[in-house]
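Residue numbers (my numbering), protein chains in the order written: chain R, 186 to 300; chain V, 102 to 214.
Hints were generated in silico from the structure; no laboratory data involved.
One or more of the hints may lead you astray.
Unchecked claim - List time: in silico DSSO-like cross-link candidates among lysine-lysine, alpha-carbon distance up to 30 Å:
| id | chain 1 | residue 1 | chain 2 | residue 2 |
| --- | --- | --- | --- | --- |
| 1 | R | Lys194 | V | Lys174 |
| 2 | V | Lys201 | V | Lys174 |
| 3 | V | Lys209 | R | Lys242 |
| 4 | R | Lys242 | V | Lys174 |
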Amino acid sequence: NAGVTQTPKFQVLKTGQSMTLQCAQDMNHNSMYWYRQDPGMGLRLIYYSASEGTTDKGEVPNGYNVSRLNKREFSLRLESAAPSQTSVYFCASRDMNRDRGYEQYFGPGTRLTVT
Amino acid sequence: AQRVTQPEKLLSVFKGAPVELKCNYSYSGSPELFWYVQYSRQRLQLLLRHISRESIKGFTADLNKGETSFHLKKPFAQEEDSAMYYCALSGLPNSGGYQKVTFGTGTKLQVIP
């Protein structure tokens with residue numbers, strides 16, 4: 186049981202390049218999330234997906250797109266990277282079982298630098 | 102709109118001293134509140150949640166709906182408590198905002214030996 190996995194762990198992009206961050210979970214959770222973590226800003230929600238086939242914008246969606254490929258996978262795409270997108274990106278899935286308290290499980294993060 | 106405020110970026114305490122990490126929230130419905138912890142170079146993990154009213158690693162938190170607060174407390178700080186702490190909020194299931202989880206800006210707790 187790997188939990189939430191993310192690839193890659195590190196990435197350096199030039200301004201204007203595109204890339205896709207991959208996330209997968211093996212816990213059969215319906216809900217999945219993408220956050221970015223910046224110093225002094227905490228975690229900010231980019232997009233989330235309540236179930237397979239649905240996605241919704243979070244607080245900071247501009248410059249990003251997402252795909253909920255199936256129940257396991259939720260990818261984040263940067264079409265034209267900008268230096269302002271330099272950040273650590275975390276994927277999470279959420280257990281909506283009341284007995285387990287609606288906990289989110291996080292991946293290890295992807296450290297992205299845009300030059 | 103839902104919002105979480107953690108007013109302190111850094112909290113430094115001596116080992117053995119009491120700890121209180123502040124969290125205030127804004128939410129129009131009934132909230133679910135959580136504390137997550139991130140140790141150095143590790144992923145975020147759940148510390149505790151208000152729905153279960155549990156104590157984890159000596160930490161407790163009480164939801165005060167009147168003051169819209171969910172402060173995290175521990176009577177005696179230990180060096181291994183040094184970490185980044187995040188307060189998070191969502192709505193209750195079957196409410197409009199239950200899928201969206203909003204985090205505060207985090208408080209770095211530094212326990213001085």
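Evaluated hints:
1. R:Lys194 to V:Lys174: violated, 34 Å
2. V:Lys201 to V:Lys174: holds, 26 Å
3. V:Lys209 to R:Lys242: holds, 28 Å
4. R:Lys242 to V:Lys174: violated, 33 Å
In this structure, the earlier hints numbered 1 and 4 are contradicted, and the remaining ones agree with it.
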